[in-house]
Structure formats: structure tokens, C-alpha cells
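Since each chain comes alone in its own frame, lean on the hints to assemble the complex.
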Amino acid sequence: MLQSYVPLALLIAFVVLNAAIMVAVSHLLSASRPTPVKERPYESGMPPLGSARERFDVKFYLVAVLFIVFDIEVVFMLPWGVAFRQLDLLGLGMLGGLIEMGVFVVILAVGYVYVWKRGALQWS
Amino acid sequence: MTPISGAAFAWAAVVKIPLVFAGLLVLIAFWTLVERRVAGFIQNRLGPNRVGPAGLLQPVADGLKNMFKEETLPPFADRFLFLLAPLMAFVPALITFAIVPVAAPLPTRWGLVGTAIADLPVGFLYILAISSLGVYGFTLAGWASNNKYSLLGGLRASAQMISYEVSMGLSAVAVLVLAGSITLGEIVQRQQQSTWFVIPLFFAFCLFLVAAFAETNRLPFDLPEAEAELIAGYHTEYSAMKFSMFYLAEYSNMVTASALMASLFFGGWDIPFTAWDDSAPWSFAKTAATFVSFWTKTLAFMFAYIWVRWTLPRFRFDQLMDLGWKVMLPIALAYVMVIGVAVWALEALGLPFGTRYALALGALNLVAAVALFWGLDRRRLIGGAGARARGPWRAPAAAAAAARTGGAD
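Sequence order for the protein chains is A and B.
Positions 5 to 128 (the numbering used here) are the ones given, in order, by the first sequence.
Positions 1463 to 1871 (the numbering used here) are the ones given, in order, by the second sequence.
There could be a bad hint or two in this list.
[Stated by the list, open to error] SDA-like cross-link-like pairs, simulated, lysine to any residue; straight-line CA separation at most 25 Å:
hint: 1; chain 1: A; residue 1: Lys42; chain 2: B; residue 2: Glu1497
hint: 2; chain 1: A; residue 1: Lys63; chain 2: A; residue 2: Ala24
hint: 3; chain 1: B; residue 1: Lys1527; chain 2: A; residue 2: Ser34
hint: 4; chain 1: B; residue 1: Lys1527; chain 2: A; residue 2: Ile25
hint: 5; chain 1: B; residue 1: Lys1478; chain 2: B; residue 2: Thr1577
hint: 6; chain 1: B; residue 1: Lys1478; chain 2: B; residue 2: Leu1590
hint: 7; chain 1: B; residue 1: Lys1478; chain 2: B; residue 2: Asp1740
hint: 8; chain 1: B; residue 1: Lys1788; chain 2: A; residue 2: Glu77
hint: 9; chain 1: B; residue 1: Lys1527; chain 2: B; residue 2: Glu1497
hint: 10; chain 1: B; residue 1: Lys1478; chain 2: A; residue 2: Ala24
hint: 11; chain 1: B; residue 1: Lys1788; chain 2: B; residue 2: Leu1671
hint: 12; chain 1: B; residue 1: Lys1478; chain 2: A; residue 2: Ala13
hint: 13; chain 1: A; residue 1: Lys121; chain 2: B; residue 2: Gln1781
hint: 14; chain 1: B; residue 1: Lys1788; chain 2: A; residue 2: Val73
hint: 15; chain 1: B; residue 1: Lys1531; chain 2: A; residue 2: His31
hint: 16; chain 1: B; residue 1: Lys1531; chain 2: A; residue 2: Asn22
hint: 17; chain 1: A; residue 1: Lys42; chain 2: B; residue 2: Lys1531
hint: 18; chain 1: B; residue 1: Lys1531; chain 2: B; residue 2: Leu1486
hint: 19; chain 1: B; residue 1: Lys1527; chain 2: A; residue 2: Glu43
hint: 20; chain 1: A; residue 1: Lys63; chain 2: A; residue 2: Ile25
hint: 21; chain 1: A; residue 1: Lys42; chain 2: B; residue 2: Phe1538
hint: 22; chain 1: A; residue 1: Lys63; chain 2: B; residue 2: Lys1788
hint: 23; chain 1: A; residue 1: Lys63; chain 2: B; residue 2: Val1500
hint: 24; chain 1: B; residue 1: Lys1527; chain 2: B; residue 2: Val1500
hint: 25; chain 1: B; residue 1: Lys1788; chain 2: B; residue 2: Asp1740
It should be emphasised that the hints constitute simulated quantities derived from the structure, not laboratory data.
Just chain B, with the same shape it has in the complex (with noise of 0.2 Å):
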């Protein structure tokens, strides 16, 4: 079957534009009320229950407070940017996902569809472009509002997501050296013909999901509305639908992170253990089954996004830019030579891209893994904030002599 085209192609468009969109509004909406049901699980409460059946109206009562809540417009304020920047955060944070395959294309009476909004040739290039101008978003709302907190939060937002970017621009140069190809379609198709690049690649997605947390400015990473410091950061002037902006711009930057550590590392909308979704003929069930499995996926990485902000405390902003700088940026340039070399010596010795190929790309990470996180853990490479106060690593065993002998400590 050939790929929809001419105007059916714009008609396709037309009609998934308002699916993705609404769609993307309903899951994060929902994902705010999951957010604090999860709280609420892991700190032995209940979390809210009131709203409807098992509290599952409270996203709907919470947008229409948001949208009748009294509108602030602080006269200290510059006015104009105050407006616009919470849509400067918004448009991009929507935009973002666009270009995401979320199942198997879908055979139609025109022609076959994809499932991308837009399936661009510049491909994961759009997504470190388009996401970077969120900042601008978050910036300009910490400057316009006039307050220092918001500066502040403005300043680190702006701080920390550049910072980031290079070691998640970086993690994704060795996924394009095993994929040969920038388009997340032909990402997801590479995958298929070897296994997830989370096994040859496996300290990429370590990086990557690192960089992602601290993108979206989830925990640990949180620094730029840290309330404990800076009240809500970037967004403390701000109230009602403006507010909510950011609220929907955190949680979509969330969705689409969250759907990319799924396409780049965990196979796209691949079902696992069986070659029957990666060929056509395409079918409905086809589409219908890899959409569920792309969905699995992603809402998998979103439930991690929770557990970790109620698990992991918040970095000091000086540790969180001593780990962006001076320990992924180092590693990530340094794993894009290794994985260059071990292609290189793969391809020399003629072995075919395919599943033997990937997991002795594996085989390779684990070596590294075990030498990198057991020179972390010792802290040869990267002393924590505890290593000058307590002095260097002792084992367990000769600290408990030494306490028992009364040895100087």
C-alpha cells in the first residue's frame, strides 16, 4: 500500500492534529491526579478521593477553578512579556511531540497513514530545536514578573536546561551512529532488525534519562521552582489559566521525554519477542496492538518521573551543575569515541547489523558500566557533598575496627 499523499495527506493531518492534542491535554490532566494518588500511595495517605469516583473528576474541578481563579496582572510587571511567557512555554512543550511515531501506520482506503503528526526528515534534530525554546518561555517569565524569586527561578531554569542539553544532544549521537538515520520512524525500524538500544547502548540511555529529568525540571532537578527556597520559582506572580500554562508545559515536556526514551532506547511502539508488528502487511490490529505497547511504554517512564520525585531529595544548585558539567558532558563525549571505535572494529570484522551485533555492543557497556559506577561509588571520579566532610571512603569493616580499638577518627 502507498503512503497517503496529496490532499488526503493534508486531510490526515487535519483530522490527527486535534486527536494528538486533545489527546496529549486528557493524559496530562490525568497524569496530575495519578501524580498525587501516587503521592499519596507512597507517603501512606490517600491523596485526593473526593472528586467523583476515586477522585478521578479532580483533574476536571481543578481546570475550571484555573479557568474562573481571579487573573493576576502584577502593575510591576512588564506587561507584554508577562503575557507571553507563559504561551512561549506552552507552544513549543505541544509541539515537541509531533513528530513521534506512537503505533504501526495505518492502512486507510487513501492510502497508508503514519502516526506521526509530521514525519520530518530533520527528525530527532526538531526535538532538540523545539524544546529548547521553552527556555525562552521560563526565562522571560522569571525576568517580567519583576520578583526575585522569579528571577532567580527564571535564571536557574534557563541555567540548568542548557546546561543539560548538551549531554542529551550528545547521548543521542550514538543512537544515530547505530540507527544511520535521524527520523524516529527509521530509529524504531533499526531497533526491530537488532534489539532496544537500551542493551548496546546502555550508557546513553543512563545519560539520557538523566538529562531528561533534568530538562523537564522533575526531581531532583527541581531547582527552578524549588518552593523550599524560591516559593514556586519562575511562575510565583503568576495565577489562573497563566499559571496552568506551565503546569500543562511541565507535564507535556514530561509526555514527550518520556515517549522518547521510549522510541530511542525501548523499541518505539516495537512489541517485544515477536517479528509479527515490524512488516507489512499493515493492518488495524497491527496499529492497534503497537499503540498500546508504545503507550505501556512511555506511561512506564511517566510513572518513573513520579516515583523518582518521591524517592530522590533535591540537588544543591552547585551540585547540579558540578553533574551536568564536569560528569556528563566528559562521560557522554567520551562513550560517542567508544561506541565509534567498537562500530568501527565491528563492521572491520564483517560482523552484519543484527541482534549479535547489539548485544556485543552490550557486552562492551557492561565492562564499562561495572569499571564507571564502581569508580563513581568509591568516589574516584565524583565525590558527593558528604565526601570533604567526612573525609575519604573507608570500608565498612576497618571503620568499624578503628571504632572499636578507639582509633583516631
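Bound-form chain A, shown alone (with noise of 0.2 Å):
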């Protein structure tokens, strides 16, 4: 079981060495003649107003938070999905995983509809 895991952290160790001498040969190739016009932020040839450090939208947020949410249900059905055809739930077989899933899934759609309705995923 573990030991199919073996290739895969080969395959990490060969793809971040990789890129770590991608980078590291560019870097040592490259010619570095920096001028003060190059060490600004680029804003389309403007002189930069302003860091860049500042307060952005709330709703970024929101949308992380919310994902989390949705995230984690989907974490939830997808072993339900996987293990549907061989559930006996409530003594129902799969008509019980059915019920059992539509019970969550009603849950989750009060708090989507609220969610919904108080605005949150309202962008313009």
C-alpha cells in the first residue's frame, strides 16, 4: 500500500531539484544591470501612486471562507460517492445512502440559500 507511494516522492525530489537548477542557471547566465527605472513597480509607465500594501475587498474574504465550507462537503460526498453502491443504511441498503445524502445536501442548500440571500455572493 505505502510503497506506491515510494515513486511519488521520487517524482517531487526529480521535479524540485529541477527547478531549483532552472532557476539557478538562469540566474547565474543572466546579465543584472538593474537602473532606477527598472527597480520601481511597473504601472504602465506611470510613476507608481502609492504601496501596494493596501486594504483590498472584503468579499476575497468571504469567498475563502465560503470555500471552505463547500470544500469540506465535497470531501464528504466523495467517499459517499465511492461507497453508494455498497451502503446498507437503516436497514434501506442504498435507498438509505440515497436518504442519508439527501438530508445533508438539504442542510447545506438552507445555508447556501442564506448565504445567497444575505448577499454574499453578490460581486457587482
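Following this line, the structure appears as C-alpha cells:
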């Protein structure tokens, strides 16, 4: 079982090593002639106005929080999907598994409608 | 023949890893040329054709140029994260492909060698996990560059990629219900026993296709690097090899997404209309033929990426988020339940898994597709950007009649 992860470990080591070599070789081969203009943030040729370390829209955080909720739901659904045919719940066989997922999806849908109505998905 | 094991197993991996890595990089390099030539063809111009015969050496020239270009390390940037970000985008992009079987297993003197680098028991979960690691690279690149355009590009990339990942995972649930397994090898096998899953799971395929375009930041979803708005998005401040790494990562994600669509919905390395390739005894001829079959499908999807890029205009960001959260997500959730009920009904009827089983599900999809797309088209479910401006939909004949009579519009 664990043996199948050995090639993966080798692959990750190989890719990391290659990426490091590519960046290092490029660093060694390239010339470096900095000028004051090159050392400024590129804003289409205009002199940069203010810092880029500004506050940004809270909606990006909101999306991240919502993502966690729905991704965990996907994480629950993936094993359910794999095991669905063999499920035997509530003494009803496959129907039990279906009811179980139905209840879960309904609870999730209530939350989803709430989030939608509160305008968390509103971008325009 | 028994699967390869022991020391020979490790040696097989040592041989496969550089082969796949080099193969991917060469494919990506030439695909940049294909993309530019096809773009030229679609726009009625030639595209790069000067370096070598028919421009075939263009990728080599580009690669060399990127090696020798001046490397900028902006003094205003966060040095460590600025260096780390391209690697964090590049490494996950290149290791995701590891679990995709590209052909039938190859018999050798030491045993049967699988064609994926690592046939992990977690299968598809590995792809979901690693492909979302790539988000860190793009977000960090945007933040570390300390450039407003980069920051916006990085934020957009992260919001977009996580939004569509939910739909991607959900559309895969339907595949897992039919396959009853999470490893790509067995998913391919189940498709050989019935039909390609694109027929019984047509909707899941549509959702997966859209999500795959969004996940790879390709047009019409290339907002993180929308050149008209953000210069070059998160890699605005990058140059030389570090810029190349982002490019390689994007194309590598494209290869993986195409390979996934081929494996999950188009039978992977299965050759259609023949059972010759489906089972043992394995031979070199079978491996070679299925290898060609797999790459034909994958390259077709990669071509579709280019085709779509030069056909569709770019979304606006609010449209993109609306599509992801308000259209794809509910459809994907409902679809999983529909497939669950349908599979339960088919099992209750006692239909064995096979071609007829799949075709029955396909008929269900056809009905659902007509209903849904008819609704979409009439703007009952989704109103495009023009819906508000133009008012409610009107049949062309009625509109023409209104224009003739000079009716108030």
C-alpha cells in the first residue's frame, strides 16, 4: 500500500531539484544591469502612486470562507460516491445512503440559500 | 503476469520519472508553438514560421531567450516569497500528472509495469489536493511582487480557482458513483465495461469542462492575467526563468486537465468500438496503440483550449463569480442527487452495470439537458450581462412585428 507512494516521493524530489537548477542556471547566466527605473513597480509607465500594501475587498475573504464550507462538503461526498453501491444504512440498503445524502444536501441547501439571500455571493 | 514489485518496482519508477518529466516539458514547449500557429490561422495570419522549418525551433529559441534574459529581483518585493512563488506554482503543476495512466500496462521481463508514475490508492483525491496547492504560488506571487496589478491578479486567481474547485469536485462525485472507485485505473476499466462516461454523465462532463477552463486560468476565465486590465496579473514583475515557470505551470495544468477529461469521461486509454485492448494478455502493441489513443483524446482537449481562447471573449469578474457560485454549484449539487436517485432506481430494477445501464442514464441526461439548456437560453435560470440592459427576452418574430408597427420598445 505505502509502496505506491515511493515513486511519488522520488518524483517530487526530482521536480523540485530540476526547478531549482533551472532558476539557478538562469540566475548565473543572465546579466544584471539595474537602473533606477527598472527598480520601480511597473504601472504601465506611470510613476507608481502609493504602496501596493493596501486594503482589498472583504469579498475575497468571504469567498475563501465559503470555499472551506463547500469543499468540506465535497470531501464528504467523494467517499459517499465511491461507497454508494455498497451502502446499507437504516436497513434500507442503497436507499438509506441516498436518504442520508439527501438530508445532508438539504441542510447544506438551507445554508446556501441563506448565504445567497444575505448577498455574500453578490459581486456586482 | 504479476505486477512488478520489489527493487524492480523502484527502478521502473526511476526510469519513468525523467521520461514523463521530459515528455511533459517538450509537449508544453511545442504546445506554445501550436497555440501561436493556431492563433495565427484563426486570425488569418501566419504566426511564427521563421525559426527552423515551419517555425519548429521557435520553442527552443524562446527557452534559450528566457534562460539568458536579465533577471529582475525588485528591491520593493518580498525577496524570499518572490523567489519561492514560481517554484510553488511549478512543482504542483508538474507532479499532478503522476497518477494518470497514459496507456495499457506494459509487460516486461520483470513484471507488468503500470503506465502512471504512481498508481496511488487515493487517486482522484491526490489530483484535487495537489492542484489546489498551485493556488499558493499564484497568490504569493501577487502579494510578494508589491505591485498593485500583481496583487489584484493574485487575489483574482485565488478567488477564481477555489470557487471552481468546488464544482470540479462535485462533478467528479458523479463519476465516482458510477465507477465505485477513486483510482483512475479502475475508472478507465469501468468505462471499458460500459461506455465512456461522457454519455451517462453528460452534465458532469460539461461542468468539469467549464471548471477545468477556470482552474487553469485560460480564456474565457483568464481574469488573473487579463492584459487589458492588469498588465500581466500576478507575474507582472517577473522575468527570465521565473516568468517561464509560471508559463510552464499554466500549460502543464492544461495538459493535466485535458488528460483528466480524457480519463474520467472519454475512456482514458481505451480504444473505442473494440474490446481487444481491454484486458490481458498485455503486449507491447497494446501499450503502444492505447498510448496513441490516450494522447489523441488529450491533445484534442488541448486543442479545444486554444480554439476556445480565440473564439470567446473574456468574462467580467462578477459574471465569473456568479457563474461559479450561482449556476455551476447548484446544478452540480442537484446533479449528484439526480444521479444518486437514478443509480438507485437502476439497481432496484436489477439492471446489471454495462452498456444498457449507461445508455439509460444517458437518456436521462438528454431529457435534463434539453430542460436545463432551454431554460438557460430563455434566461429563466441565468440572465447574462445583456439581460438587464435589453429587458425581457422576446421572440425575434414578435420583435420584428413590434418594429414594423412602430410599437414602443
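Go through the numbered hints given earlier and state which of them the structure violates, listing their numbers in rising order. 1, 2, 20, 23 and 25
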